[in-house]
Amino acid sequence: MALILDLVEQAVQMLLVVAIAPLLLGVTRKVKARLMRRRGPPLLQPYSDIWKLLHKEAVLATNASWLYRTAPYVIFAATWVAAALVPTYATGLLFSWSADLIAIVALIGTGRFALALAGMDVGTSFGGIGASREMLIASLAEPAMLLVVFAVALVAGTTQLSSIAAQMIDTPVGLRVSLALATFAFVFVAVAENGRIPIDNPATHLELTMVHEAMVLEYSGRHLAMIEAAAAVRLVLYFSLLACLFFPFGMATADKSLAAVSLGLSSYLAKILAFAVLLPIGETLVAKMRVFRYPVFLGGAFAAAALAVFLQFVSRGF
Amino acid sequence: MLILALSCVAALLATAALAVALGRTASASPIVYAASLAVSFVLLAGALARLVADPAQISTLTLPIGLPGLGAHFRLDALSAFFLVMANLGGSAASLYALGYGRHETAPRRVLPFFAAYLAGMNLVVLADDAFTFLLTWEFMSLTSWALVVAHHDEPGNARAGYVYLVMASFGTLALLLAFGLLAGPAGAYAFDAMRAAHPGPAVAAIALVLVLVGAGSKAGVVPLHVWLPLAHPAAPSHVSALMSGVMTKIAVYGFVRIVFDLIGTPPWWTSIIVLAFAGLTTVLGVLYALMQHDLKRLLAYHTVENIGIIYIGLGLAIAFQQNGIPWAAALALTAALFHVLNHSLFKSLLFFGAGAVLSATHERDMERLGGLIHRMPHTAVAFLVGCAAISALPPLNGFVSEWLTFQAILVSPQLPQWGLKLMVPAVGALLALSAALAATCFVKAFGITFLGRPRTRAAEAAQEVDRISLAVMFAFALLCFLAGILPGIIIDRLGPVVQGLVGEMLPPQSGLAWLSIVPIAAGRSSYNGTILLIFLASSATLTAIFVHRFATRATRRAPIWDCGYPQLSPATEYTSSSFAMPIRRVFGTTVFAVREKLDMPGPGETRAAHFQVKVFDPAWRYAYGPLVRTATKTADRLNPLQFLTIRRYLTLTFSALIVLLIVVAAWR
Amino acid sequence: MSLFTDIGHLLAAGMLILSFLLLYQDRITATLNVFAAQAIVLGLAVGWQAQLQDAPHLFVTAAIALVVKGGIIPMALHRIVRRLEIHREIEQVIGGGPVMLVGLGLVALSIMLVFPVAGSVDPLAREDLAFALAVILLGLLMMITRRNAVTQIIGFMSLENGLVLAATGAKGMPLVVEFSVAFSILIAFIVFGVFVFRIRERFDTVDVGALDRFRGDRGDES
Amino acid sequence: MTAPLYAILLVPLLAALLLALVADYRWGAAINIVACGLTFAAGVSLLLVERVRTDVLLIDDFNIYLVTLTTFIGFTTSIFSASYIGHELETGRLTPNFLRFYHALYQAMMGAMNLALVANNIGVLWVGVEVATLSTVMMVGIYRTTAAVEAAWKYFILGSVGIALAFFGTILVYLVAQEVLGQGLPAMAWDRLLREAGRFDPRMLSLAFVFLLVGYGTKVGLAPFHAWLPDAHAEGPTPISAVLSGLLLNVALYALLRFKMLLAANPETLDVGRIMIALGLISLVFAAFMLYRRRDIKRLFAYSSIEHMGVITFAFGIGGPLANFAGLLHMTMHSLTKSAIFFAVGHVAQVKGTQRMADIRGLSVSHPVLAVGLALGVIAIAGLPPFGVFTSEFLLISSTFSRQPLLALILVFGLLVAFGALLLRLQQVIFGEPSGPAGRVKASYVPLFLHIGFVLLAGLWLPEPMVRWFRIVAAQLG
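Chains as they are written, first to last, in this note's numbering: chain C, 1 to 318; chain Y, 319 to 987; chain G, 988 to 1209; chain P, 1210 to 1687.
Extracted from the complex, chain C is given alone in its bound form (with noise of 0.2 Å):
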């Protein structure tokens, strides 16, 4: 009876992660384009988009192999399980055990590498950009989201998500300097790998500015509508990792009561929908950088990350 509970929890994160993640891309439009005095497409819109491209045929290219065909299912997929593994409003999902966090940011690796490969596959010049840049950013980011796994798992003595939630709640660990690091070393990876501003500008179709873009450039119908979605999903992704690791207040750990449920879930819809609020506000302040340019950006986050996990080593006080 509780495993079945537990399942249909698991299953209700897994559909929740998806659920939102369209209308938080919408969310995040929107902000934007009022900041810019546009009045911006409607909250929805990315519903329709997906749901529009999923109906078109896929043109593909007459060179374009297998596994063309069935990266964007890898990617989806892999993004998909990731997010399903970050609890969200509650702590100590079914299977969060089966991949702690070093795991889920591999997984999000896994997703990338099946990516960039997709992005190689017909041999075009933009998909080498693309896919060449992209590993550039994920081989400076990549790091750096270790450095903070380390940071926090030395902080809260385990790589468990769950229990890192827990834990945090659970006996507050207060202000610490290293967490405060972690939170804006993570920050700026998250930037960095959900190709937003000053990275990335998911709006653009400039060849030479475009990284993700430039790689799904030859996508069409289905399968861009798997990795427009899979790229929603990465940003609740890691919006919820940004709830949970750092500000996991509100979360249900012990009881499962309706209530508490409940108020973790509130809370966590409040928490990523500020942080789709923040988003496009940090956006606009910045401009896109040059290629460049990112080692100095996620350089920073780095030597934050690190720095983070020195005085962890020196003392578990920081």
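Bear in mind the hints are in silico, worked out from the structure with no lab data behind them.
Hints may be right or wrong, so weigh each one.
[As the list claims (entries may be wrong)] Reference listing, derived: stretches of chain C covered by chain Y, where coverage requires no fewer than 3 residues with Cβ under 8 Å from a Cβ of chain Y:
hint : segment
1    : 72-84
2    : 110-119
3    : 248-256
4    : 296-310
[What the hints assert, rightly or not] Negatives, chain P to chain Y, calculated, CB over 12 Å:
hint : residue
5    : Leu1226
6    : Ala1239
7    : Ile1242
8    : Thr1300
9    : Val1389
10   : Glu1405
11   : Thr1563
12   : Leu1669
[As the list claims (entries may be wrong)] Partial chain G-side listing against chain P, Cβ under 8 Å, derived:
hint : residue
13   : Leu1100
14   : Gly1159
15   : Ile1177
Note that CB positions come from ideal geometry on N, CA and C, so glycine has one too.
For chain C, the structure is supplied; the task is to place chains Y, G and P on it using the hints.
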């Protein structure tokens, strides 16, 4: 079992003799490879049985050969059994693969005898139980592999590769010899048992450890002793490259583990800092070197260096923990290292087999001249892709598990008391994280440029899928990569007794756990479950696909690629491997490798071709070996005139030597 | 007894002095004559030892010294020198003055080496030994300060004189005669070598340096 | 049971006289082989009969295996030489009456070396070494080319000076000995000297050793007395190079070690070990660097001989049971291996018609078996397993490092440098596109592979009596 192993080795040597006898006959190659396949399979089965059945049992044997008064000691314990499994897994796979691949061999007489002898040598190293036998077999292994490296001596660069290889190899052997001399003491107690019994003082232990790091490291490819590796591994025939990269470097690791953990036992804690420093350096530099390559086999060889670094990180941590009395953590780190040994032998062999398939299909190793092979050789592509994913440490494959364990070991290291370690370990962790990401980049490049896109040359267009046997081997190894990834608990449990024997602790048994997940330390702390992850991924992907195909359209139209309005884009417009690596080169290369890029772009209206040239310098050559060679040459030139003196001058030499000696006698007393 | 020892001492010292003379002789013919003189003194010294130790076989050695080294070989060398038309050549000794100093140093060294342990052995043998050692070293020094094959041979022969002196000085040493014979043969070989290889015709000079024109690895490119 | 003992001296003597009369070179070669075979048989039978000790002759643990080794290598070399000179006659480098000379001298040299080995008398020892030297001098010059004559002349002059100094040393030893043992033969007999060495005047003994070291050291080819060695090896007939490296150097070293035993038995004496260490390391490192600039393949291996003599001298200088054992083993292994290498080199030089390595390439393509032989030889001499040299170097380095780390490092450095040079040349010669004539080798490979086989065997297993002798001698060497 030990008897069996030794007789198997004897059989391998007999096979080598047989190969010599068979000479040029057409049937030589299948016979030899079949024989070595059979023998190494028997060895594999035996060692596996031993590891599963009673790993704790230790069987020894002394033959009346070898060093006079000492005899040749052999010993089979859990550690040797594990490495026997690893070695013969690679050995039998390579033999099987060669049954197909070996048909293309142009000079079988230069390969066959040494192949069998090489297998014998690697097995003997693992079994040796005294310094003399160990070094003898160790160098025998180097010697036979040297012969294999120079098998195609007429191809440019191979002779040089062989030269650098053998010189470095004997350098390493001499370092090990010095270490043994130190451990054996002036009395010359060369048997490993005697060394185990004698507990060296901290100073001796430290010096010995450094010497072993140098000696075994030069064979394993620890930076800056790696220079021979990217030259030699690609030069050999591909199934041998697989053995050299996949197995021999691990035998070197075995040497390190055996001597440091078993014989020395208690090196001072600070030696771990040295090991960790070199390991971190090796990890990052190795993968960066690999990224700069465009020769497929050389890329793989350089990447071996990175994995060796990861393994040594585990070993360094194990030393640190053990010397600080945290055996369970030492067990964790050591398990991670040994697990990675197995994993790397799996996917690196797989990748070299794949590279060999590409080579035999296109006669090309240069990725810039390949591409689009996924259409021409689909099966190879699948296997190679699995290898790439595994080596990039992507879940749910095996590469991730060992890296995950290493990370877990790093995460418990704040318990280490010493400051040096407090600062070194997180730095190494950061380097490991960096290298993990770079490895993914490296293999996106390797697979993308070689198999994806459009063929860049005729050779790539005309490629044909390779023979069934090679494919079978590749798929078997791909499957093993999967299994090791989703069922790591089983392997960790097999490693338990091995680790137990070395650091006196082992990880808690995993196979009993629910859902087949692994919990290295405590359930609340960290756990990973490849099986569930795989199920999750597979189910969600298929569900989505079904959903999409069911409820949305599945209509598909083929169309030419988008050419920005320029019809028939030539393959030359594709991204090349050097252009793919360009951003990384810009970011890391300019500082690390002193990369020089020369672009000669014709102005508008000019009809001449544009030229782009990249020079990547290996700092090891630049700052270590180059000067060394120059000094040696200069010294030789300085001394050479002494060959051309007149008799009178020679007499003067004799005379002055005599006078000096006389003065010594006069001054004495 | 003291008289005897004094005479023995005297003869040995005479050889030493002749060695010094050899060292700075720069005309070949003169060098040959001085060598002959040294050989004769050697013969006398050996004869004296034979008398002293009443070891008749030593007279053979003495005779060899007198006849072969004092007579035949110098004559042969005179002929060679004349044949090679270098009997008028002035051969410059390398660093004449310093060489004398070095020679003195060598004498001092040899005395230092042999004397202090004048233990049970009778002093005569010791002194002879010291002088013999000095003669040997001086001969060697001469060999390396001359460029001319003939003078080098002379240097070697005076070295060998020193050896014979030492050998005969060693009381009751067996096979001394055989040794001296063997050495005479050796020297005969050397002379023979100069003669047969006809250094002049082969190398256009007696300068031994020229022998080294055809040096092992010279002139091979890579 | 002195018959075999006299046989190894008389057979060569008679053979030498006989060969001086035989005009036909085929007969000469045949007689040469037969005589060497008989000598070898006698040498082997020495192992079976019980030890002999007379006033002049002596068989003990030290020289018994050296005699066997010497006669064995003499035998194999005579076989090799038979085919070698046949070719030399075809190419007209030698004429039959020179060969008469050559064979007679060959036997004379063998006899002299045996004499030096079995002598129980420091004077006879000296005579043996000198006769061997002089006979080889003449064989070195036998080609009569300017280079050969120069080599012979250099060898002759330097050798003679060595002879003289060694003789002076011998006189000194007699002087110190006769103070204790009284005048006459006893004061020159090994067994007595060794027994009474403790009572000798240490200072004079040390002085004597210095002269002997320089004198016999010249024969051993230690730097800086080595000058004659490379040219003598390079310019003489290859069989002579083989016996020079394989035997004569050993015999000279044997003489030196005999005297070292005296000093070892006398604690008061100067610690000559240091001097030997210094000379050994100088020779090793010097030769190692000289290897790089060699163009002539025979000269290359001549320098490698200098290098190994340095290693051996170093080993005895270090002393101690392990190092001395290693030194003795290394002596044996080096003579077997180096003579094998010279056999191979001889074949190479004959089929390719040159000794310049620059003109010899791709041997493994044109003459695979020969290439394998050469490669095995070089690998063995470079101290790689599973050959005997590895065993001795293993013992030497490991035992030295635990006692004298610094010296061991220098030793390792020298060995590594030398290895680099040898391997470089080997690869140049056997790999790449074949060059020059590809004619078949018209000689038997038996001697070559016989030697290598023995070296290989010794690398894996040493016969028990040999080990015992080595141990005893090692103990005596202190």
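To see whether the hints hold, each was checked on the structure:
1. 72-84: holds (count 8)
2. 110-119: Since three or more residues must qualify, the claim that chain Y covers the segment 110-119 of chain C holds, with 5 doing so at under 8 Å.
3. 248-256: Violated: only 0 residues of the segment 248-256 of chain C have a Cβ under 8 Å from chain Y.
4. 296-310: holds (count 4)
5. Leu1226: Answer for P/Leu1226: holds, closest chain Y Cβ roughly 34 Å.
6. Ala1239: Non-interface label on P/Ala1239 holds, nearest chain Y Cβ at 34 Å vs cutoff 12 Å.
7. Ile1242: 30 Å, holds
8. Thr1300: 27 Å, holds
9. Val1389: 20 Å, holds
10. Glu1405: 22 Å, holds
11. Thr1563: 19 Å, holds
12. Leu1669: Incorrect as stated: the minimum Cβ-Cβ distance to chain Y is 5 Å, not above 12 Å.
13. Leu1100: 6 Å, holds
14. Gly1159: OK, holds: G/Gly1159 within 8 Å of chain P, min 3 Å.
15. Ile1177: 7 Å, holds
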